[in-house]
Amino acid sequence: MAMSDDMSGDAQPRIETYLSRLRQRLRGVNDRDAREIVEELRSHIMDKAAASGKASGESAGEVHGELTPAAIDAALAGLGSPEELASQYITDDLLAQAEVSRWPLRILKSLFRWASLSVAGFFVLIGSIGGYFFGTVFILVAVAKLFHPRTAGLWVFPNGGGDFEMSFRLGFGSAPAGGRDLLGCWIIPIGWLVGCGLVMLTTYITVRFMRQYRKSLVLPQG
Amino acid sequence: MRDDGRDLETADKWEVQLRKGCLELAILAALWDGKLYGLEVLRRLESDSDLIVSEGTVYPLLSRLKALGLVQSEWVESDAGHPRKYYALTSAGRPRVRQMAGMWTRFSSSMSRLLAPLAKGK
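One line per chain: the protein sequences are S and F, in this order. For the first sequence, the numbering used here gives the first residue as 66, with consecutive numbering after it. For the second sequence, the numbering used here gives the first residue as 661, with consecutive numbering after it.
Some hints here could point you the wrong way.
[Said to hold, decoys possible] Which bits of chain F does chain S cover? Going by a derived footprint, with three or more residues having C-beta under 8 Å, they are:
(1) 706-716
(2) 719-726
(3) 760-774
[Claimed, not checked] List time: in silico DSSO-like cross-link candidates among lysine-lysine, alpha-carbon distance up to 30 Å:
(4) F:Lys-780 - F:Lys-726
(5) F:Lys-680 - F:Lys-695
(6) F:Lys-780 - F:Lys-680
(7) S:Lys-174 - F:Lys-680
(8) F:Lys-695 - F:Lys-726
(9) S:Lys-174 - F:Lys-673
If you're looking for bench data, these hints aren't it; they were derived computationally from the structure. Predicted model, so just to flag it, every value in this text is computed and none were measured. Just so you know, even glycine gets a beta-carbon here, dropped at the ideal spot from N, CA and C.
Kindly generate the complete structure, drawing on both the sequences and the hints.
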């Protein structure tokens, strides 16, 4: 007789409540993967609960006993809370995506999901946005210099209050009055080098943080 | 007394980090002989190593190894009345686990040489 036929009346709602809480927290994981996760854990809970009440010497696959609420509770406790479990699935998913593709937009998309889950993710997102933003600005100015050689670049100019301001300009409009183009044509190689370097460094540091965070979630027993 | 407690705590943390570090290799190695479902992977880790990890850690890790293309999965109907998700190494996963095992063997043998005097109590 199949285990599911023998399941006690109290057991099924316990499992469904746990899996439903888990499913709700798997936001961002695509529907097919989330369904597979839930079904796999349902199968695990039933095997584990059956095994905990089995007669000695039998393997989990051979057990067809009744699933008691106590056995179900023990199986659920072994998995941890649905929140912790969902967090591990999501960060593993993010890490796998980040390792498969280092494309900054993919990394940022993953970071937005991580930021919605943890404070650590939020701070890494803020840092990454900063790194990618400045990297992109350097590259854009280097490209703009090719089309607007007189006005694009890193400019220093008086702000009217006796101080000087420094800003990157893409070259649209006229050059600031009394200003000086600091790097001239050197902005082209420097912009590319610094820009690409910043983007790569940001990606490297972000993935490193993700790995560290993921390791901190692993909870060995004993 | 307090220092002894702190030393023990530091040693425990170090051991936890050590176990965490080799968990991926252990899971891939458990699949070397053939396909297993999640609970069997856990049982294999328990019986063949000191790596007793929480169930909530192994399933997400299996999922990540699958996303990385190192393992593949399939659902198989069981006598227990519900299907089980079996994992197996992919053609990319087998050379990867062999490579990881080689690194581990070289590392552990060099560490053993270094630690040999401690074992002899010198």
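Item checked: Violated hints, by number in ascending order, as checked against the structure -> Hints 3, 4, 9 contradicted; others consistent.
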